[in-house]
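**Q** Chain S is fixed; fit chain L onto it per the hints.
Each protein sequence line maps, in turn, to chains S and L. Counting along the first sequence from 1, when you hit position 299 you're at 299 in full-length UniProt numbering, and nothing is skipped either side. Counting along the second sequence from 1, when you hit position 92 you're at 92 in full-length UniProt numbering, and nothing is skipped either side.
Worth flagging that the hints you see were computed from the coordinates, not collected in a lab. Mixed in with the good hints, there may be bad ones.
[Claimed, not checked] DSBU-like, lysine-lysine: derived pairs with alpha carbons at most 30 Å apart: (1) Lys93/L / Lys441/S; (2) Lys84/L / Lys242/S; (3) Lys348/S / Lys84/L; (4) Lys271/S / Lys257/S; (5) Lys19/L / Lys109/L; (6) Lys42/L / Lys348/S; (7) Lys34/L / Lys109/L; (8) Lys84/L / Lys441/S; (9) Lys461/S / Lys19/L; (10) Lys34/L / Lys102/L; (11) Lys348/S / Lys70/L; (12) Lys142/S / Lys110/S; (13) Lys84/L / Lys102/L; (14) Lys17/L / Lys348/S; (15) Lys42/L / Lys70/L; (16) Lys295/S / Lys441/S; (17) Lys4/L / Lys102/L; (18) Lys441/S / Lys19/L; (19) Lys34/L / Lys348/S; (20) Lys125/S / Lys4/L; (21) Lys348/S / Lys93/L; (22) Lys461/S / Lys84/L; (23) Lys19/L / Lys348/S; (24) Lys84/L / Lys34/L; (25) Lys295/S / Lys271/S; (26) Lys84/L / Lys17/L; (27) Lys19/L / Lys2/L; (28) Lys4/L / Lys17/L; (29) Lys125/S / Lys242/S; (30) Lys110/S / Lys125/S; (31) Lys348/S / Lys2/L; (32) Lys257/S / Lys348/S.
[As the list claims (entries may be wrong)] Examples of chain S residues lying across from chain L (beta carbon under 7 Å, computed): (33) Ile134; (34) Gly306; (35) Glu350; (36) Thr354; (37) Leu395; (38) Ala398; (39) Asn412.
Even for Gly, the Cβ is constructed at its ideal location relative to N, Cα and C.
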Amino acid sequence: MESSDKEISAVAKTATSANEGWAERRVFEELVQLLHETKREISERSPGVIPTERMGEFLEQLSRLEHLLEHIGEVQQSRLEIHLITQIALSLASALDLNDVLSLILDSLKQVVDYDAAGIFVLSKDGNEMEGEILRGYRSSKRGAVRQKFGQGLMGWAMENMAPLVVSDVSRDPRYIDARSRTRSELVVPMFTAGRVIGAFNLESDRLGAFSERDANHLMTFASHASVAIERARLHREILEKNKIDEELSLARRMQKDLLPDEAPEYERFKIAGINRPSEMVGGDYYDYIPLTHKDLGLVIGDVVGKGIPAAFTMASFRAALRIEASSHYAISTILARVNDFLNDSTKPEIFVTAFYGVLDTQTGDLTYANGGHNPPLLFRKDGQVQELSEGGMLLGAFPAALYHEHRVTLNSGDVLLFYTDGATEAENDSEQQFGVERLKEAVSVLVLESPSHIISELLKEISGFCGESGLQDDITLMVVQCL
Amino acid sequence: MKLKSRVTDGVLVLEVKGKVMGGPDAAAFQDVVKSEIGNGHKQFVFDLGGVDWMNSSGLGILIGGLTTIKNAGGQLKLANVTEKIQSLFMITKLVTIFDSHKTVEDALKAYQ
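Okay, chain L solo, but in the shape it has when bound:
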């Protein structure tokens, strides 16, 4: 898993790439989210377009990210959710929890 963050229109966009599968990834992800919250960011977009593969532990990482952001009074939107992740969201009913958008631009627009 690779993470790259940038700020667009005041929103922290976190680009997630590769295989997202728990273990050390979980801690790395939490560290990035927590440090960006520490930097004062409240609005987040996770760009999942580059995710090749995600297992249930990977879903756990997203859930952990969402919870951390919400507990800090922030908001999270997802963008470029792949078909595979979307089907995991459907099965687990996470689809009702995550605010998913087709593109990063759409997600950013939704914040305005």
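Same shape as in the complex, but just chain S:
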């Protein structure tokens, strides 16, 4: 009995780590075994060794010792498990990669419930396919059979019923799917969050009846920690993916910005300014100055249907096509017809561009243009008249062989020409009223004596004031040409 005293004190020692805890557990189990043996030996051999009148008292003391040990055992076991689960939950809290999380879960799990083979399976968010799996103790050739277990057989039952399942003898359960010849018993525990099954654990043992209801309960607690860790890993991955998309969008935005002019060219008789304010990271508006000769300047404003990356692609194609055709010095009507055919050949009919293209002779003030279905630029004459430059033809890219007509106006001293995209006129206020062409005309009429860049900044203020920042749903592009 001397040696068991020492062992009892060993059991009482606090478990400070998982390994120490398990070492203590083994000592404890040996101690219980020793006590049982002592009790049996005393009962069997006592006649002659212990006086009969003391026998009852002695056995009673042994029983009390047995109870005490049982109690210590339970306390120790619970403490060990709580300690382990807490430790695992803590390490799970810092893991963010789904595969890391799953590996960590399986490896930690072995300290809570021992197994010979195990798998953890996670459903994709829509629940239609398997998003992740980590396996331990299966032959790689059996991977197919292991996968088959997921959503079927015992695991299928546990996932459908959202309850753990202990099978003491797999050979007696018809639901069992054989993926490992040595397996005798199995424990399956589903994982769920917010009432939705997100996956399952599958533990297998070479021993019959290796898993208890108690193991199942521990594993359920464990599974709830695991579910949180899995959800967090997913969220983390989504954030990373979103960041990547944001980075790519911002790269696309920078590339698109490079396709817009930095600054307007300067001429003796003309002052020019332009601005593009995309509503999203990547917009569908385009404007450009294309110097053709020392005095001739190509002016273009366009709006690609839609927004985002698809619109940016179309815009880049349109810009390239227009710049190539513009440098060929064809008539403007021909240039637009050729750009139309190019876009029509290279995009679906529902993808189109509305664009105005004109060439300004900066010496004479003559502007020759064709309007391909774009909001007509407004020419504010010095005498207060406002002219809309709408002549041209169909929007570009939707129909083959469209015809365009070119037209000519002359800009005189004091005239202001405003190019805009529909983001300016269709900006809406809370009562769903649009800023509209009339307000645009009125706003610019009182600004014609200001510089082009000032006209633009005032106009933007006017539009924002009308609809509030939240009302600016679309890209806004403005370009102002002023004849001095």
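**A** Relative to chain S, chain L alone:
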């Protein structure tokens, strides 16, 4: 966007309602038009009276519909074109491409 089709006098009348603004609407619209062509319809009327709002992507949807119908040897007429859509047609010059009628009845009559 909501779509409802019916057949009147052998013409497929497609009622378009709500906001027509590209994205998933475009695919839904094309699917309906293609399936009606598959059902053997050649003459179409798009009834736009219930369209609350349409942006340039919405125009793209109409253009896509017209192209699909024409490529299949069919014809398209529009009915109840709202003021807003009419002004978009004017700016983009689509007014020269689309055969617009005041009412569905007018559009149907034009087929006879």
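**Q** For a quick check of understanding: which of the numbered hints are violated here, in increasing order?
**A** 2, 20, 33 and 39
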